[in-house]
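There are 2 protein chains.
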Amino acid sequence: MIRKLKQADVPIIEKFLGKVKAFSESEVSVAMELVNIAANNPEQTDYNVFVYENSKKILGYYCVGKRPITDAVYDLYWIVTNPEHPKKGIGKSLLTHAEEFVLSKNARWLLAETSSKDAYAAARNFYLRNHYSIIAEINDFYSVGDNLMVFGKFFSK
Amino acid sequence: MIRKLKQADVPIIEKFLGKVKAFSESEVSVAMELVNIAANNPEQTDYNVFVYENSKKILGYYCVGKRPITDAVYDLYWIVTNPEHPKKGIGKSLLTHAEEFVLSKNARWLLAETSSKDAYAAARNFYLRNHYSIIAEINDFYSVGDNLMVFGKFFSK
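If you read the sequences in order, they're chains A and B.
Here the working numbering = 1-based position in the first sequence + 486.
Here the working numbering = 1-based position in the second sequence + 486.
The reader is advised that the hints may include incorrect statements.
Listed next, with one range per pair, are the computed distances between beta-carbon atoms [unchecked claim]:
1) 522(A) / 516(B): 15 to 23 angstroms
2) 554(A) / 625(B): 12 to 20 angstroms
3) 540(A) / 604(B): 46 to 54 angstroms
4) 589(B) / 493(A): 35 to 43 angstroms
5) 506(B) / 529(A): 24 to 32 angstroms
With a Cα cut of at most 25 angstroms, we get these calculated BS3-like pairs of lysine-lysine [as the list claims (entries may be wrong)]:
6) 639(A) / 603(B)
7) 552(A) / 578(A)
8) 505(B) / 573(B)
9) 552(A) / 603(B)
10) 552(B) / 552(A)
11) 603(A) / 543(B)
12) 603(A) / 574(A)
13) 552(B) / 505(B)
14) 603(A) / 639(B)
Hints were generated in silico from the structure; no laboratory data involved.
It should be emphasised that the depicted structure is a prediction, and the values quoted were computed from it without experimental measurement.
Backbone N, C-alpha and C fix where the C-beta goes; we use that ideal spot for every residue, glycine too.
For reference, chain A alone in the conformation it holds in the complex (with noise of 0.2 angstroms):
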């Protein structure tokens, strides 16, 4: 079941963050951020949190939110699996949920950055596989030899 964040599972998304080989600890940080704003003002919409739910364990979550000043774009900022709790399809589960909750808001595009280093080939090969395109690369951008990928898929009307 993928349900709306609740504030008992922020110490859990919390917990699995740390557990994930690809994060540095500033990513972390940076995740848990957005988690916290989501469970402290659940009404506001620049940070929306869902999470996998099945038999009460937290097996991941995905954050996504209206890029500012854009018509209609949207950023999904985090999806994550739980690598405690490992189990096949969960993140295409999530990412065709965040697509289906933009959709419902009317948006243009869904977005999503990611970094060319090795550690992060799951996730880009995650996004080629759901028919995501590469449209913008910035050379050096996290640190030297760390580039930015922006992953995109356009929703037609």
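Based on the hints, put chain B in the right spot on chain A.
Showing chain B alone in chain A's frame:
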């Protein structure tokens, strides 16, 4: 004189942002969100706001901050001159100050996102004149026909 934002500057900035022809209401509200965060939390460093003050008038301001997760890439979120008190060189002085500020933090790059619309031609020329390059462009980003253009200046060490 260019100095840090004070609480008393906030309504002055809000007033002149409303008179900038290129800005939509949503742009003004996003700009003010960052000004308010900086004014209410002067110790936070995500949004650093500096104003150009001359004879007790605020002639412009800029807002700059480190891009989360990057090692040393800074975003020039806003740089705006006061259309009520137009004066040559204010934008250039603010930009030079912003570059010196981020260099003092060991920035590798200063980025500035802008739009491809006609209303932003002056902004684009301003960056090009000041040795910024176009490092990425995403078509139909802000809205259909309105592209995101990312300008950047690289600081070699």
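Checked hints:
1. 522(A) / 516(B): 15 to 23 angstroms: For residue 522(A) and residue 516(B) the Cβ distance comes to about 21 angstroms; the hint holds.
2. 554(A) / 625(B): 12 to 20 angstroms: holds, 19 angstroms
3. 540(A) / 604(B): 46 to 54 angstroms: At 52 angstroms between Cβs, range holds.
4. 589(B) / 493(A): 35 to 43 angstroms: 42 angstroms Cβ-Cβ, so the 35 to 43 angstroms window holds.
5. 506(B) / 529(A): 24 to 32 angstroms: holds, 30 angstroms
6. 639(A) / 603(B): holds, 23 angstroms
7. 552(A) / 578(A): holds, 21 angstroms
8. 505(B) / 573(B): Holds. Residue 505(B) to residue 573(B) sits at ~16 angstroms (cutoff 25 angstroms).
9. 552(A) / 603(B): holds, 21 angstroms
10. 552(B) / 552(A): holds, 21 angstroms
11. 603(A) / 543(B): This hinted pair is violated, its Cα atoms lying about 48 angstroms apart.
12. 603(A) / 574(A): Cα-Cα ~23 angstroms, so holds.
13. 552(B) / 505(B): violated, 28 angstroms
14. 603(A) / 639(B): holds, 23 angstroms
The structure shown violates the earlier hints numbered 11 and 13.
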